[in-house]
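Visitor: Sequence:
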Amino acid sequence: RLAWSRSQHATADLFRALKQNQDEPDLEAAAGVGVPAAGRAQAVDGCDRPVNQAAVDVLRKLPGVTDANYRGLMRAAGSLAGLGKLPLAELQKALGSQKGGQVL
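The numbering of the sequence shown is my numbering, which starts it at 1 and goes up by one.
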């Protein structure tokens, strides 16, 4: 949501009104949102390897990569650097189509 106000004071008043009757946030709980109990990010395929979310975001923006095939591509390549080293046949197998492998 977007909140627009005329000045800094109006913004402060707006947030004060929004927070009315709300508890103060717990810093530890807020910092732990999205982080598994072990303190590491969990891999998309359920393995216990850490995940670089920025690399996953870059991978998902590449041509030929879809919501349906990016997990298999992650398993096959291992990293963005490994993606460049994959032979065309393995790339096509990971993406599930010949055209997707050639586009990528």
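One thing to keep in mind: the hints can contain errors.
[As the list claims (entries may be wrong)] For lysine-lysine, the following BS3-like pairs were computed, each having C-alpha atoms within a straight-line distance of at most 25 Å:
#1 61 to 93
#2 85 to 99
#3 85 to 61
#4 61 to 99
Simulated from the structure, these hints should not be mistaken for laboratory data.
Visitor: Run every hint past the structure and note whether it holds.
Guide: For each hint, the structure was consulted:
Among the hinted pairs, residue 61 with residue 93 is consistent with the structure: their alpha-carbon atoms are about 19 Å apart, no more than 25 Å. Simply put, residue 85 and residue 99 have alpha-carbon atoms about 18 Å apart, close enough for the 25 Å limit, and the pair holds. Restraint check for residue 85 and residue 61: satisfied, since their Cα atoms lie roughly 19 Å apart, inside the 25 Å limit. Proximity of residue 61 to residue 99 is assessed by CA-CA distance (about 17 Å); at most 25 Å being required, the pair is judged to hold.
When each numbered hint is compared with the structure, no violation occurs for any of them.
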